[in-house]
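Given chain A's structure and the hints, the job is docking chain B onto it.
There are 2 protein chains.
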Amino acid sequence: MKPHILTFESYDDWDTVPLEEAYTVYNLPHGASLDTLPSEAFEAVQAFAFKGHNKLGADIMDAFPKLGMIANYGVGFDTIDVEYASSKGIRVTNTPDVLTDDVADLAVGMVIAQSRGIVGASEWIRSGNWAKNGAFELQTKVSGKRVGIVGLGRIGRAVAERLQPFGGEIHYYSRSPKDCEGWIHHSDIVAMAEAVDTLVITLSGGPKTVEMVGEQAIKALGPNGLLVNASRGTTVDEEALLDALETGAIKAAALDVFENEPNINKRFMALDNVLLQPHQSSGTVETRKIMGQLQRDNLAAYFAGKELLTPVN
Amino acid sequence: MKPHILTFESYDDWDTVPLEEAYTVYNLPHGASLDTLPSEAFEAVQAFAFKGHNKLGADIMDAFPKLGMIANYGVGFDTIDVEYASSKGIRVTNTPDVLTDDVADLAVGMVIAQSRGIVGASEWIRSGNWAKNGAFELQTKVSGKRVGIVGLGRIGRAVAERLQPFGGEIHYYSRSPKDCEGWIHHSDIVAMAEAVDTLVITLSGGPKTVEMVGEQAIKALGPNGLLVNASRGTTVDEEALLDALETGAIKAAALDVFENEPNINKRFMALDNVLLQPHQSSGTVETRKIMGQLQRDNLAAYFAGKELLTPVN
Chain A
971 MKPHILTFES YDDWDTVPLE EAYTVYNLPH GASLDTLPSE AFEAVQAFAF KGHNKLGADI
1031 MDAFPKLGMI ANYGVGFDTI DVEYASSKGI RVTNTPDVLT DDVADLAVGM VIAQSRGIVG
1091 ASEWIRSGNW AKNGAFELQT KVSGKRVGIV GLGRIGRAVA ERLQPFGGEI HYYSRSPKDC
1151 EGWIHHSDIV AMAEAVDTLV ITLSGGPKTV EMVGEQAIKA LGPNGLLVNA SRGTTVDEEA
1211 LLDALETGAI KAAALDVFEN EPNINKRFMA LDNVLLQPHQ SSGTVETRKI MGQLQRDNLA
1271 AYFAGKELLT PVN
Chain B
971 MKPHILTFES YDDWDTVPLE EAYTVYNLPH GASLDTLPSE AFEAVQAFAF KGHNKLGADI
1031 MDAFPKLGMI ANYGVGFDTI DVEYASSKGI RVTNTPDVLT DDVADLAVGM VIAQSRGIVG
1091 ASEWIRSGNW AKNGAFELQT KVSGKRVGIV GLGRIGRAVA ERLQPFGGEI HYYSRSPKDC
1151 EGWIHHSDIV AMAEAVDTLV ITLSGGPKTV EMVGEQAIKA LGPNGLLVNA SRGTTVDEEA
1211 LLDALETGAI KAAALDVFEN EPNINKRFMA LDNVLLQPHQ SSGTVETRKI MGQLQRDNLA
1271 AYFAGKELLT PVN
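Going line by line, the protein sequences match chains A and B.
Numbering of the first sequence is given in my numbering, commencing with residue 971 and proceeding in unit increments.
Numbering of the second sequence is given in my numbering, commencing with residue 971 and proceeding in unit increments.
Here chain A stands alone, though its shape is the one from the complex (with noise of 0.2 Å):
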């Protein structure tokens, strides 16, 4: 007899096909809640495929007393309560590596994208303005500007790698200095915040990281500051953001991440000075293949008894 699993969300076949064939799979779709699951699916359900936004905790971990597993499709599992698995000796495992290039991609797109007005341009021509009124308006450099990168775990250093061609300067913040020659170390997000023109955050999310880059540090980047941020809403206070790029206290956003997806603050809607991307940094076909298929291995190896590919408790 075949496992029973619930899924979280919406896969794509790719991912639906393999899991059924290992699997008697129960799908709770994006916003329903656990009371439109059939009865037996609590007392048969053994582990999760989890992917979503929303919080995983206590509430409905208990009502699986099977549950034995939690597989995180994503590296992020800031809305998973693991604290509350690991007391009760359930296994969380996510997909750390896999999407590490594909954020950092999306970062020094946004980077560019923003500085050199490409999503404007593309309007500008479609639109017929180039034909009608002539050139579009000058934009920003990229090569050169000083870069400050906020967190400089796997995806940091691959933003920061990616961005050393361009010729600027290379600050990062971190706790203690890390391994990586030529690039200026800063303790002090404000003090770094400070000496860079563009600040691209790639911390985790999590409670330790809430507003870490809070409303001095987005002053201090000053009116020609850019701010990218691919890592979670809650790293950034939001509202400080939005002052800012209301009032021209910064320049510029690029964001990915918002406190509240996909219901994003409505004030975001009304700048034209911020590049809004919907939570796409992992989103390629090639990497969520990956990622799928790290989670089954996962799912596989918990079945099998054998050890987790990738747990984080």
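Treat the hints with caution; some may be incorrect.
[Unchecked claim] Residues of chain B placed beyond 10 Å of chain A at every Cβ, according to the derived structure:
| no. | residue |
| --- | --- |
| 1 | G1046 |
| 2 | H1249 |
| 3 | A1274 |
[As the list claims (entries may be wrong)] Listed next, the stretches of chain B that the computed footprint assigns to chain A, with coverage defined by at least 3 CB atoms under 8 Å from CB atoms of chain A:
| no. | segment |
| --- | --- |
| 4 | 1075-1083 |
| 5 | 1112-1125 |
| 6 | 1128-1140 |
| 7 | 1230-1238 |
| 8 | 1253-1260 |
Calculated from the structure, these hints are not laboratory results.
Glycine is no exception: its CB is placed at the ideal position from the N, C-alpha and C atoms.
Relative to chain A, chain B alone:
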């Protein structure tokens, strides 16, 4: 008495003010014909501050008997009949190097923006689709892709250097191999197009490169291929490119330049697999100020009888 010059198109204040300090300036706005100039201009003008995408040939040069110098604003001078200028002893200068960074930055930005759907993703969130209809469709990974640079001059090299940390192979087309370890040389564009995922065109313009990227090379790129043009519209067989985009013979394109600017072929407007940019590759405030300065330095050198800084003949 100040020398008399003729400026073409419009200039920003940071250029107009120093030009008018040094010279008596006549201006020919975009689209205006010579007979709109006051009659005394033809005898008086000794130099052009040229900034035009229109042809500058014998007819215009011959209208100014004292013309001795054409200072072009831009690196490309393919619209100027340099051979005729040389035959009349008219010196021509351009503004090389100072815009290399900007063109390379935009080329890399176009690779990422097109692959990752940055423009469509921005529209997805701003139209409210993220909140209403969920995640944006999956896009194409950038890192690890094989890139082929057509024309490894200063700009091509700057593009390749910026794309190197993305971890894919770097291929390049040039008549003979160049000094660049680890990059793969091709002496045939079609063979290179077959070997790569992304083609980035950084050729110079002019008669020698007309449709150098032809139908065969475009088709060789294949149904997963991306073509990026940051050079001149003339370097690509535009009809063949449009056919390939319409039929799916290639996956996508990102274009900053076109055969007929700014009145580009209307077929482009119907396509959603092409990122369109309004020839803004050197369009940053930082670079345009330096280009204007170099243009003026060349003019000043000419009138002082000194060696020109960046002559092309």
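A quick look at each hint next to the structure:
1. G1046: G1046(B) is indeed farther than 10 Å from all Cβ atoms of chain A, at 15 Å.
2. H1249: Check fails; 8 Å does not lie beyond 10 Å.
3. A1274: Answer for A1274(B): holds, closest chain A Cβ roughly 30 Å.
4. 1075-1083: Answer holds; 7 residues pass the 8 Å Cβ test.
5. 1112-1125: holds (count 3)
6. 1128-1140: The restraint on the segment 1128-1140 of chain B holds, since 6 of its residues have a Cβ under 8 Å from chain A and three suffice.
7. 1230-1238: holds (count 4)
8. 1253-1260: holds (count 6)
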